[in-house]
Amino acid sequence: MGVEGIGARVTRKEDKRFLTGKGRYTDDMTVPGMKYACFVRSPYGHAKISNIDATAAKAMPGVIDVLDGKQLQADGIGNLICGWMIHSKDGTPMKMGAWHPLAVDTVRYVGDAVAIVVADSSGEARDAAEAVVIDYEQLPVVTEAVAALASGAPQIHPEAPGNLIFDWQIGEPEAVDKAIAAAAHVTEIEILNNRLSPNPMEPRATLGIYDAAEDHYTCYTTSQNPHVARLVMSAFYNVAPENKLRVIAPDVGGGFGSKIYIYPEEIICLWASKKTGVPVKWTSDRTEAFLTDAHGRDHVSKVKMAFDANNRITALKVDTIANLGAYMSLFSSAVPTYLYATLLSGQYAIPAIHANVRTVYTNTVPVDAYRGAGRPEATYLLERTMETAARELGVSPAELRRTNFIRTFPYQTPVIMNYDAGDYEASLNAAMQAADWNGFAARRTQSEAKGKKRGIGMSCYIEACGIAPSAAVGSLGAGVGLWESAEVRVNAVGTIEVLTGSHSHGQGHETTFAQLVAGRLGVPIESINIVHGDTDKVQMGMGTYGSRSGAVGMSAIVKALDKVEAKAKKIAAHLMEASEEDIVIENGELKVAGTDKSVPWFQVALASYTAHNLPSGMEPGLKETAFYDPSNFTFPAGCYIAEVEIDPDTGETDIVQFVAADDFGNIINPMIVEGQVHGGIAQGIGQALLENVQYDENGQLLTASYMDYAMPRADNLPSFKLSHQNTPCPSNPLGIKGCGEAGAIGSPPALINAITDAIGHNKLTMPATPMKVWQALQTAH
Amino acid sequence: MYATSYHRASSVEDAVKLKSANEEGKYLSGGMTLIATMKQRLAAPSDLIDLRHIPTLRGISVDGRKVTIGAATPHADVAASRELAAICPAICKLAGHIGDPHVRHMGTIGGSIANNDPAADYPAGLLGLGATIVTDRRSISADDFFTGLFETALDEGEMVTSVTFDAPEKAGYAKFNNPASRFAMTGVFVAKTAGGVRVAVTGAGSSGVFRHQGFEQMLASNWSPDALANVAVDASNLMSDMHANAEYRANLVKVMAKRAVASAG
Chain A
1 MGVEGIGARV TRKEDKRFLT GKGRYTDDMT VPGMKYACFV RSPYGHAKIS NIDATAAKAM
61 PGVIDVLDGK QLQADGIGNL ICGWMIHSKD GTPMKMGAWH PLAVDTVRYV GDAVAIVVAD
121 SSGEARDAAE AVVIDYEQLP VVTEAVAALA SGAPQIHPEA PGNLIFDWQI GEPEAVDKAI
181 AAAAHVTEIE ILNNRLSPNP MEPRATLGIY DAAEDHYTCY TTSQNPHVAR LVMSAFYNVA
241 PENKLRVIAP DVGGGFGSKI YIYPEEIICL WASKKTGVPV KWTSDRTEAF LTDAHGRDHV
301 SKVKMAFDAN NRITALKVDT IANLGAYMSL FSSAVPTYLY ATLLSGQYAI PAIHANVRTV
361 YTNTVPVDAY RGAGRPEATY LLERTMETAA RELGVSPAEL RRTNFIRTFP YQTPVIMNYD
421 AGDYEASLNA AMQAADWNGF AARRTQSEAK GKKRGIGMSC YIEACGIAPS AAVGSLGAGV
481 GLWESAEVRV NAVGTIEVLT GSHSHGQGHE TTFAQLVAGR LGVPIESINI VHGDTDKVQM
541 GMGTYGSRSG AVGMSAIVKA LDKVEAKAKK IAAHLMEASE EDIVIENGEL KVAGTDKSVP
601 WFQVALASYT AHNLPSGMEP GLKETAFYDP SNFTFPAGCY IAEVEIDPDT GETDIVQFVA
661 ADDFGNIINP MIVEGQVHGG IAQGIGQALL ENVQYDENGQ LLTASYMDYA MPRADNLPSF
721 KLSHQNTPCP SNPLGIKGCG EAGAIGSPPA LINAITDAIG HNKLTMPATP MKVWQALQTA
781 H
Chain B
782 MYATSYHRAS SVEDAVKLKS ANEEGKYLSG GMTLIATMKQ RLAAPSDLID LRHIPTLRGI
842 SVDGRKVTIG AATPHADVAA SRELAAICPA ICKLAGHIGD PHVRHMGTIG GSIANNDPAA
902 DYPAGLLGLG ATIVTDRRSI SADDFFTGLF ETALDEGEMV TSVTFDAPEK AGYAKFNNPA
962 SRFAMTGVFV AKTAGGVRVA VTGAGSSGVF RHQGFEQMLA SNWSPDALAN VAVDASNLMS
1022 DMHANAEYRA NLVKVMAKRA VASAG
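Just so you know, the sequences run in chain order A and B. Here this note's numbering is used: the first residue of the first sequence is 1, the next is one more, and so on. Here this note's numbering is used: the first residue of the second sequence is 782, the next is one more, and so on.
With the rest of the complex left out, here is chain B (with noise of 0.2 angstroms):
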């Protein structure tokens, strides 16, 4: 690791001040891929801005149908959130297999989503969902926020306060775990929600997070894993590494799919 400059923010907008004073500093919220990339020395930030000990970032909220998770809530918090778990068990099951117990303890929702990996969970989660990521300057659509590999809407200094979103009909989520790193080698979220079906697919897609409007159209007329038999993957836009091809990848989408919808009653 190259040497770096620690701050703890108190507050959010402490942070955004820390951020602009320091341009080639970097947000950390649970360091699970940060720290490890810069051990790596990969990644060499002048300054870490630690999130994790803002307040108003941290907590899950459930209003009614509506929830709330703070940026800087870890995975395990929402794992075992009985509140949540009453009305978006999804969620709650998602969360609960990220990774293992040290990294659902240190990781956060609004790191993983800021950092966008294709093969992380939560991007598919809150695509699925139809969930808002709410940020220090605004809000903005999951269908917006995922962009690509990697990659956000988030603009320079911008950062993750929370996500909100209104509990689904029915949801479910399912991954098959790439046998090394046992990030998702592909995993699927399917939730009916009041805006229609939505299916985000992980850890499969070339460019990252997508949704499968195939899978959503078929579904949104007859909700069983059936109705999604002689629905065709396209492999051409699915990734390839030596753990799956595209071919072994397009199988997963569907059978996983399947799975997510099973699971979700």
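One chain only, chain A, in its complex shape (with noise of 0.2 angstroms):
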């Protein structure tokens, strides 16, 4: 550890272009002989298309071409897919049905891609987008998820009868009802997870260019993985070969899940570009981004927990339907399934868990991950069930929890997953000790004295990060394996380039990754690049998503860096003719172990590149690869401890405190992880309070500004009290969990908790707007 290495506070490298307006996004390349698309979108929830007259649109000033999807299925283009494959408990494997880039026949949502037109500039496009005439025949839309799923609903996709993609299980059934019958007390509930939209700062935006002279393609686009995107494009999408496909995704600002995935318009710009042969660019605006980014959340689920006299917990029995929009996104499949259900034992021993899920379609845009995937459902749910049975059973939230804590490690659950390392009371006890809980008491009197109601409410959370052990995903159903690669390229001056297929859109990894290097060998930060985002210069990657960069990614830096350190010591061993073994590297130098003889780290550089004086048979250069497949998950935990005051003419919620204290494990940078987590709580506490995206029930988006999405704003979050505790991950290197998603996973339940807490009872879903929370009031009183 040094003033750069692992554990400092490096101010973040990459900000002095963000902050300076110099970063380069998607949207801010220009190339020769580039044009403009606009894309002509469905105004209906679901309607068949009986005709697409683009003869107006094409003859408008400016307009390059207009195409649409009967083209684009001629000329081969694939349907999208979604790249897990889930079965259902009687064996069949899910029912996908058909998404087109552009619609065929059918569209499905509000803002399906119908056609697009190339044109000049972005306003003639959006000019003849508008000219294009489509006749729509209607038909009925079904936006909710328990609906769509209800007899003589509107039927979506014919390869989904009833709408039901599958009705999947884990766990035990017989054991969890056994318990369920035989317990001292049931606690059922039932729980509500809103629909939520990304929103990230930068909006999608993708530039497709197509060079005849080469047939080759480059993909400009906002992706969080852009390996994974040209993967797919390639062996799904049948947009080019790999060799022939080169996708950069440039500085990204801002993805929280939602650019993971491929969208139809990188497929559909690409190929317009070799229809209409000019480079052609898309970007989205705010509505479109409302209209089309795969949205998150929207659970609807019936619990029960069983506890015995003890007040242990016996069981627990999920049925969870889940919405998954009008076609099934890239991940879909596993955000309900494998990256929800498997969370649902939290920080408890649960001897017998049974979930099961039914995901569905409906007339809404797709959903996929978004922040937490999977596993903000499953804290929601434990989390708001633990307080609820804690009232009923008449002890306090935090014995409960204490009561039923995993406390030996390594811990297998009953479902899949294997806790290898975790503290969970001494993240309890900091968190209860940072909020004083015990203060508690008075200072809700004092807010009686001043007719505020005040609530205090706490979540455990758990989650599982460092997506993940290839084989194992493999056996769920991963169309692709979860490592990382990275290569360290060491210049002849000595400068480093760590080449990456972790992918930074906010994270920092410039400088984290970096602060790895820079410990290592006792070299300037400066001297270190982090090269991400280009298929053309990065070997292989999986990306950025899961808060896996840390753990996977930097895993994958470190056996590189093992590689070069070995070779750079047999090198100085040679040079300073002495013995590999005494060679350690400190401060920018090779030194031999007790002795005053040493060898800079540029000389050994240089050494490898000059190729004068190597060892008898060694290749010349310094620059080694490796892919890093990690063993285990790793499991991030905590305890959130919020509280409320509420005005009870009112119904606002004033949050009076927000205590984190979290697990990560080791911590590279502590002000990156900081802000990752006050990051995180506040798309919770966004979450929890503010955002909901609603349909109305002809499948029209009500919440397409933010006029009606309400997004946390800064006086709308406390300040945060964070502290960390550290039981190190034994699976990877560095002993590092990840801290990416844990504030959006941690928070919602210590929200509503608290709230609930101070209203006096459990009604309330999220968000908890200040016109539920005095609705809840009235009929409390």
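FYI, nobody ran anything at the bench for these hints, they're computed from the structure. These numbers come from a predicted model, not from an experiment. Among the clues, some could well be false.
Quick list of the computed label-pair ranges, beta carbon to beta carbon [to be verified]:
{"id": "1", "chain 1": "B", "residue 1": "ASP1007", "chain 2": "A", "residue 2": "ALA442", "range": "22 to 32 angstroms"}
{"id": "2", "chain 1": "A", "residue 1": "HIS87", "chain 2": "B", "residue 2": "SER1017", "range": "50 to 60 angstroms"}
{"id": "3", "chain 1": "B", "residue 1": "ALA824", "chain 2": "A", "residue 2": "ARG443", "range": "23 to 33 angstroms"}
{"id": "4", "chain 1": "B", "residue 1": "LYS951", "chain 2": "A", "residue 2": "ALA147", "range": "52 to 62 angstroms"}
{"id": "5", "chain 1": "A", "residue 1": "TYR706", "chain 2": "B", "residue 2": "SER827", "range": "25 to 35 angstroms"}
{"id": "6", "chain 1": "B", "residue 1": "ASP1007", "chain 2": "A", "residue 2": "GLU130", "range": "56 to 66 angstroms"}
{"id": "7", "chain 1": "B", "residue 1": "MET1023", "chain 2": "A", "residue 2": "ALA213", "range": "53 to 63 angstroms"}
Calculated cross-link-like contacts (lysine-lysine; reagent style BS3-like; alpha-carbon spacing at most 27 angstroms) [stated by the list, open to error]:
{"id": "8", "chain 1": "A", "residue 1": "LYS772", "chain 2": "A", "residue 2": "LYS304"}
{"id": "9", "chain 1": "B", "residue 1": "LYS951", "chain 2": "A", "residue 2": "LYS450"}
{"id": "10", "chain 1": "B", "residue 1": "LYS874", "chain 2": "A", "residue 2": "LYS452"}
{"id": "11", "chain 1": "A", "residue 1": "LYS58", "chain 2": "B", "residue 2": "LYS820"}
{"id": "12", "chain 1": "B", "residue 1": "LYS820", "chain 2": "A", "residue 2": "LYS22"}
Reference excerpt, derived from the structure (chain B facing chain A, CB under 10 angstroms, subset only) [to be verified]:
{"id": "13", "residue": "ARG963"}
{"id": "14", "residue": "ALA1025"}
{"id": "15", "residue": "ASN1026"}
Think of the CB as a built atom: it goes at the ideal place given N, C-alpha and C, for glycine as much as any other residue.
Reassemble the complex: the two chains are provided individually, in unrelated frames, and hints are given to aid placement.
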């Protein structure tokens, strides 16, 4: 560890360009001859397309061409797919309906792409898009998952009768039913997890460039995983073979999961570039983002939790219906199954768990991973249930949790996960102390004297990060492996480029990854560059999501560094006529331990490239590649406590205190980790108090702008009290667990537990808007 | 945005002339609603006649207790006016809580009231103060000016040039923000004026800003928040949307009215 190594609060190397407006995003890319695309989108939630007439549009000024789904299909471009196979409990594979990049016969949600207009300017493209005449025959619409399963509901895909995609289960139903029948107490609760729009600051954009001379495509896109984009576009969508397709994800302004997936637009712009002979750029506007970016959450669940006479949990039974929208997005099937139900044991020793999950098509935008992806849904369900159970059993919420904590590791849950390390009581104690839990009663009295209602609530979350062991996820249906790759390239003058398959879109990899190298070699952080986001530069990669870049991406860098160091030591030993085993690397030098002999790092690098004096048989150069496949998930965990004061006159909730005690294992840069936790909690507060996607009965999106979709703002948020406990992760070389999603996972149940504590009953769904809290208070009276 | 032609008017007469020459044109003041609407392609004026550079339209003058605010005066100027704060702090407070700092430096009082958004703050302020709206051709009392949702008594081509009012003995404004847009989900302006007590409600009425006679009567005899405790608010004429139904708005009308009275002192 040094001032710039692991554990240091190094300011972010990338911030200078971001804060001075010098970032280079997809929409900043301009190439000669570039034209602009506008998509013609369905105004209806569900309709047959009976005719598309682009005659008038094609005659408009500046218009190069108007292309539709039949042309795309005729050119052999494939349908979009879901890359994770799930089988129903009867053994049948999930029922995936066709998702044409441009709708062919039927549109299934408002915003479904029907045609693309390419024109000289974006204004002309938009004008012409309005002139494309499409005859629709409207069909009945359903937007809610429960309603879509009801008999007589509109049929959305012929492949999925009754709109049921799969009916999946995990765990042991008989054991659970037996335990519930024998229980001393059973807590029952219905849980709604509200639907969210991801809202990255940078909207999606893509630039497709076809080079006819080379028969080669370049795709600039707002992606969290450009190599996966290339892989999928080559292997499944027939855009071009991988060697003829370069995908570049330059600076990307936030993703939160929504930029993992391959959307229709990048496929269509690449195809349209070949079709029209010009580079084609498309940039989403904000309303288009609300209409077409994959949404998150949207679960309805029924829960039963059984306890014995000692308040120990004996079983958990969960029945969930998950809305997947109009089409199955790339990882949509994994989110409400293996990323959700496998975390239902939480921090607790639960002998028997059974979860049944039905996923459903509706006439809404596809639903996929959003910050936390399945784990927030599991945590919210479990921690609301625990709080409710504590109230019913008449014990303190902390006590009920302590009674049930897992205390020995490794711990095999009944739902696949094998927890490797943790100390849940340490986080609980730290959070309760920071929150002055014992002083709450006095604070409540003070609030009551002011006519306010005060409540306190906790949430003990666990999540699984560092996805994932490739063989394990392969056996569960994943279409890809989830390793990561790295290349450490030492230049002849000793400066270093690290090529990584991870992708930074706000996480600060250019700083934290450089810290790792600077700390190991003792070279200045300025001499290290992190290269990512370009399939022509970086060998291969699986990208950034699921808090995997530290645990998996950095572990790959460690492996590559190990190889570089080993070779450098051999060279240094040769130069100093010492034994390789005696060489140590410190402060930018390779030293012979116990002597004053040393050779500077740059000199070893130079020697490797001049190759004038290398050990016999050694290849010149100093550059190594490594692939790291994790042996387990990592398990960040912690305890969050929210304290709220409610104005009973208006129902407005003021978060007067928010405490987060997290165990992320070892931490690379505490400042960046705190930023991640702050952002995650802000999004969790958004879900708990403000954010909610709403469609009307015709499938029109009511919350298609910030006039109606409430994002958290600075004055909605308190100052957060953070602390870190540390049980290092045993399964990766750096002991890292991951911190990117915890805030969004742990905070919603803490808040709703606090608000329901304040209002005195449990009848409240997210988001707890002032109106809903006020209404809840009226029913309490 | 569709293509449009921009004109910078140099005087009120120039502006009126430009408007009459361009039938499909629109006056542009701060543009806080109009430009956003045009960007969404929901409005397509052929011409924009920019009023912000007409010197006589901008500024605040206080003569004794008589206040005149030029139509092109931005909210930030009203919020920061010491002369105004000395005799009518409630209107400064109202202006200081419109939108965000960007909006307050661009948006103008004339633009706001001519647009008459049912969730805007100024309509409540001017109706509550019993202000007079001065146009290029006449004076209109606030009671007559605000006629419905996004509707005013302005004739085609008529433009607001200033607003005037006499500083009230007491006044207060309280609003509850829409959690998404931060427009007033309910805002209530109360004033004790020479002509009597006035209570104006914005953000809640299904026909836009309105006066609440029940509150006015009670406050006339007892200027205190408690005076409103037993006055019913009829929910039947209030708006319902996803953020607040009529019943909740009815509650907010009373709560905000009480807070407005309390803040007025």
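Against the structure, the hints:
Distance hint check for ASP1007(B) and ALA442(A): the Cβ-Cβ separation is about 30 angstroms, which falls inside the suggested range of 22 to 32 angstroms. Restraint check, HIS87(A) to SER1017(B): a C-beta distance of roughly 55 angstroms satisfies the suggested window 50 to 60 angstroms. Separation of ALA824(B) from ARG443(A) is about 51 angstroms and departs from the stated range, judged on CB atoms against 23 to 33 angstroms. Checked against the hint of 52 to 62 angstroms, the C-beta distance between LYS951(B) and ALA147(A) comes to roughly 53 angstroms, which is consistent with it.
Distance hint for TYR706(A) and SER827(B): a CB-CB separation of about 29 angstroms, consistent with the stated range 25 to 35 angstroms. Our hint of 56 to 66 angstroms for ASP1007(B) and GLU130(A) holds, since their Cβ atoms are close to 57 angstroms apart. Here the CB-CB span from MET1023(B) to ALA213(A) is close to 54 angstroms, well matched to the stated 53 to 63 angstroms. Only pairs whose Cα atoms come within 27 angstroms are accepted, and LYS772(A) paired with LYS304(A) is accepted, the gap being roughly 25 angstroms.
At roughly 26 angstroms between alpha-carbon atoms, LYS951(B) and LYS450(A) fall within 27 angstroms of each other, so this suggested pair holds. For the given pair, LYS874(B) sits about 25 angstroms from LYS452(A) by alpha-carbon distance, which is consistent with the 27 angstroms threshold. Of the pairs offered as hints, the one joining LYS58(A) and LYS820(B) holds, with about 24 angstroms between alpha carbons and a cut-off of 27 angstroms not exceeded. Our distance criterion of 27 angstroms between C-alpha atoms is met by LYS820(B) and LYS22(A), whose separation comes to about 26 angstroms.
A hinted interface residue such as ARG963(B) counts as satisfied when its beta carbon comes closer than 10 angstroms to some beta carbon of chain A; here the least separation is about 8 angstroms, so the hint holds. At a threshold of 10 angstroms, the smallest CB-CB gap from ALA1025(B) to chain A is about 5 angstroms, leaving the interface hint in force. The beta carbon of ASN1026(B) comes within 7 angstroms of a beta carbon in chain A, closer than 10 angstroms, and the hint placing it at the interface holds.
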